[in-house]
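Chemist: Sequence:
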Amino acid sequence: MPQESIDLHFTTLHFYENYVISQPKEGVVIDYSEVADVIKICSEFYDNKKFVYS
Numbered sequence: 077m078p079q080e081s082i083d084l085h086f087t088t089l090h091f092y093e094n095y096v097i098s099q100p101k102e103g104v105v106i107d108y109s110e111v112a113d114v115i116k117i118c119s120e121f122y123d124n125k126k127f128v129y130s
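By my numbering, the letter at position 34 of the sequence shown is numbered 110, and the numbering carries on one by one without gaps.
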């Protein structure tokens, strides 16, 4: 079970201890602004810990 899940308009992020799984929503085109959002959210969640994004 994920520690936390965050639902965004383009994907759902499932956070585990050392990795995050992104579940993109059907029909969505992801551009730089969405990628920047994911980077910010992941950086805040893992707070300088190493993790894997899948």
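Read the hints as simulated data drawn from the structure, not as lab findings. Check each hint, because a few of them may be wrong.
Listed next, with one range per pair, are the computed distances between beta-carbon atoms [to be verified]:
(1) 105 to 126: 26 to 34 Å
(2) 112 to 81: 32 to 40 Å
(3) 82 to 102: 13 to 21 Å
Listed below are the simulated BS3-like cross-link pairs for lysine-lysine, each with C-alpha atoms no more than 27 Å apart in a straight line [unchecked claim]:
(4) 126 to 101
(5) 116 to 101
(6) 116 to 126
These numbers were taken from a predicted model, which means no experiment stands behind them. All residues carry an ideal CB built from backbone N, CA and C; glycine is no exception.
Chemist: Give a verdict on every hint.
Modeler: Here is how each hint holds up against the structure:
1. 105 to 126: 26 to 34 Å: 29 Å, holds
2. 112 to 81: 32 to 40 Å: 20 Å, violated
3. 82 to 102: 13 to 21 Å: 18 Å, holds
4. 126 to 101: 26 Å, holds
5. 116 to 101: Holds. Residue 116 to residue 101 sits at ~19 Å (cutoff 27 Å).
6. 116 to 126: Status holds; Cα separation ~14 Å.
When the structure is compared with the earlier hints, a violation turns up for hint 2 alone.
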